[in-house]
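Undergrad: Residue numbers (the numbering used here), protein chains in the order written: chain L, 7 to 283; chain G, 563 to 832.
These are computed hints drawn from the structure, not numbers from a lab.
Ideal placement from N, C-alpha and C gives every residue a C-beta, glycine not left out.
Possibly wrong hints are sitting among the right ones.
To be verified - Straight-line alpha carbon distances no greater than 25 angstroms define the calculated SDA-like cross-link-like pairs of lysine to any residue that follow:
{"#": "1", "chain 1": "L", "residue 1": "K196", "chain 2": "L", "residue 2": "L179"}
{"#": "2", "chain 1": "L", "residue 1": "K112", "chain 2": "G", "residue 2": "M574"}
{"#": "3", "chain 1": "G", "residue 1": "K696", "chain 2": "L", "residue 2": "L36"}
{"#": "4", "chain 1": "G", "residue 1": "K691", "chain 2": "G", "residue 2": "L620"}
{"#": "5", "chain 1": "L", "residue 1": "K149", "chain 2": "G", "residue 2": "A571"}
{"#": "6", "chain 1": "L", "residue 1": "K142", "chain 2": "G", "residue 2": "L620"}
{"#": "7", "chain 1": "G", "residue 1": "K603", "chain 2": "G", "residue 2": "V813"}
Stated by the list, open to error - Sample of chain L residues at the chain G side, in silico, Cβ under 7 angstroms:
{"#": "8", "residue": "L101"}
{"#": "9", "residue": "A135"}
{"#": "10", "residue": "P158"}
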Amino acid sequence: MSKRSRKRAARFDPLHIGWPLWIVSGSAILFLIAPVLLLIPMSLGSAEIIEFPPSKIGFDQYRKFFSHPAWQSAVLNSLQVSAMTAVVSTFLGVLASLGLVRGRFKGKGLINAFIISPMIVPLIVMALAFYISLAKSGMLGTKLGLVLAYTPLTLPFTVLPISATLRGFDRSLEHAARILGASRFQTFTKVTFPIIRPGVLTGAIFAFMIAFDEVVIALFICGSTAVTLPKKMWDVIRYEIEPMLPAISTLLFLLATLILVLVGFLQQRLARRMTAG
Amino acid sequence: MLVVPALLALFMLFVYPISSVLLRSLFSPNFTLEHYLYFFKTPLYSRVLWITFQISILSTLSALIVGYPIAYVLRRARPGIRNFFLLAITLSFMISLLVRNYSWIIVLQRSGVINTVFTTLGLIDTPFKLLHNKFGVMIGMTHIFVPYIVFPIYSVMMGIDLNLEKAARNLGATRWQTFWRVSFPLSLPGIGAGALLVFIMALGFFITPALLGGRKEQMLSNLIQIQIVDLLNWPFASAMSVILLIATLIVFSIYNRYLGVERLWGGVKT
Chain L
7 MSKRSRKRAA
17 RFDPLHIGWP
27 LWIVSGSAIL
37 FLIAPVLLLI
47 PMSLGSAEII
57 EFPPSKIGFD
67 QYRKFFSHPA
77 WQSAVLNSLQ
87 VSAMTAVVST
97 FLGVLASLGL
107 VRGRFKGKGL
117 INAFIISPMI
127 VPLIVMALAF
137 YISLAKSGML
147 GTKLGLVLAY
157 TPLTLPFTVL
167 PISATLRGFD
177 RSLEHAARIL
187 GASRFQTFTK
197 VTFPIIRPGV
207 LTGAIFAFMI
217 AFDEVVIALF
227 ICGSTAVTLP
237 KKMWDVIRYE
247 IEPMLPAIST
257 LLFLLATLIL
267 VLVGFLQQRL
277 ARRMTAG
Chain G
563 MLVVPALLAL
573 FMLFVYPISS
583 VLLRSLFSPN
593 FTLEHYLYFF
603 KTPLYSRVLW
613 ITFQISILST
623 LSALIVGYPI
633 AYVLRRARPG
643 IRNFFLLAIT
653 LSFMISLLVR
663 NYSWIIVLQR
673 SGVINTVFTT
683 LGLIDTPFKL
693 LHNKFGVMIG
703 MTHIFVPYIV
713 FPIYSVMMGI
723 DLNLEKAARN
733 LGATRWQTFW
743 RVSFPLSLPG
753 IGAGALLVFI
763 MALGFFITPA
773 LLGGRKEQML
783 SNLIQIQIVD
793 LLNWPFASAM
803 SVILLIATLI
813 VFSIYNRYLG
823 VERLWGGVKT
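Isolated chain L (complex conformation) (with noise of 0.2 angstroms):
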């Protein structure tokens, strides 16, 4: 080894980024953002057809939304299944990671598996799957059958963190509960649910996101009379030019922004919880 390469190995530093990588990863990060922040100019758009650069700049995109029916109606639709599914699956799921994480029985890893196993079938192979049972029950196009449909495919993500939740929990603030003469519920409602509430409203928070978010499953369930929002803007992409998508699309790209710093804000507090208890 030269003098003069032997002095630029004993300085080298592990954590320098050289000018090339910072430009790829830089580009990388561009590549992730750009596309979809490009949105929000497109949206203040006010033609009927969807211009780059937007010609004339307004708000006429999203109070022709706000105001129509069928957009409205899918909106509501939405909301209602994603927070019923929120709401079953969370409570399925508070119970099953209880049982799971404080159970001494056999097959648990087993149990664990199969309530994470909905997370890898094809989402495709859900919807036929339901499609063929929900016809046989006559439930198709209903929100009820929306709900059923999505809570196998959003318990792993409530389970996942209510029971990542529970066991960074200290039993011993149980025990004392139950020495001072608390019942179990008692014990659960004044003590467990408020230690674990952070992790359980993660967990709902996931559960309404995927139940929102969610179209491949919803094409074949919605029918033409539980239409919900993705599925709407599903046939408007693939078969209408709808200068309104902009616009709903900055809103969803808010929404996201929402919960995550929610959800940001539900970890912190998880964290200082766990380190104080």
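Please build the complex by placing chain G on the supplied structure of chain L, with the hints as guidance.
TA: Relative to the frame of chain L, chain G by itself:
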């Protein structure tokens, strides 16, 4: 016993519907394998199976190429930049799938952003065809998969002792050798976890090929939809679904064998 309600729900809403697909594919009304035989005998369907694997492999590779440098920089950047990068990735990950695909339609279509910019600058006369072909599908799928690649690689990289790189340099390795012989091999577990997760997702992908692909880029999922909705051929659609499910399970069992099912969460949690 608190697990029982969830198990009951899963049996009713997951096991039962999936098994009715399996039964549909095998009985009509007597036991038959004709739908499976038809699938493997017809060149069209074998080709679609091949296209499905091809697009899945290519989009996994391209997500790795885009995602790996991000993870590498995340590991080394100052907290300010690291947080900015993480925010951008997580945000992109949280945005509606439809919106993400739609944004690429706006960018790539004939009168889209890229073509407008290039024609206004006078660089091209005829617009590029960037949509409804393999390029469009690859862009759209890569865009969705990158976060799933970055998070597992980043978490593996966080566990690597950077003094190993220093040692390699002091022992005379060049920068390039240090990367290929030390840093890269140590990050392989993260690459494996991310790539397999993305590959499993890609096999069953439906939305992106339908919106950004042309007729030649339709994957198995898209054909299943056509069979159900347009041709009303439920038994054959069921057989195709079972084939897709088995392909997915084979890849998943590789994942499970080498990485364990618990790692799946690593790809979802942010």
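Undergrad: A separate judgement is required for each hint: does it hold in the structure or not?
TA: Hint-by-hint comparison with the structure:
{"no.": "1", "hint": "K196(L) <-> L179(L)", "in the structure": "holds (11 angstroms)"}
{"no.": "2", "hint": "K112(L) <-> M574(G)", "in the structure": "holds (23 angstroms)"}
{"no.": "3", "hint": "K696(G) <-> L36(L)", "in the structure": "holds (22 angstroms)"}
{"no.": "4", "hint": "K691(G) <-> L620(G)", "in the structure": "holds (20 angstroms)"}
{"no.": "5", "hint": "K149(L) <-> A571(G)", "in the structure": "holds (17 angstroms)"}
{"no.": "6", "hint": "K142(L) <-> L620(G)", "in the structure": "violated (39 angstroms)"}
{"no.": "7", "hint": "K603(G) <-> V813(G)", "in the structure": "holds (24 angstroms)"}
{"no.": "8", "hint": "L101", "in the structure": "holds (4 angstroms)"}
{"no.": "9", "hint": "A135", "in the structure": "holds (4 angstroms)"}
{"no.": "10", "hint": "P158", "in the structure": "holds (4 angstroms)"}
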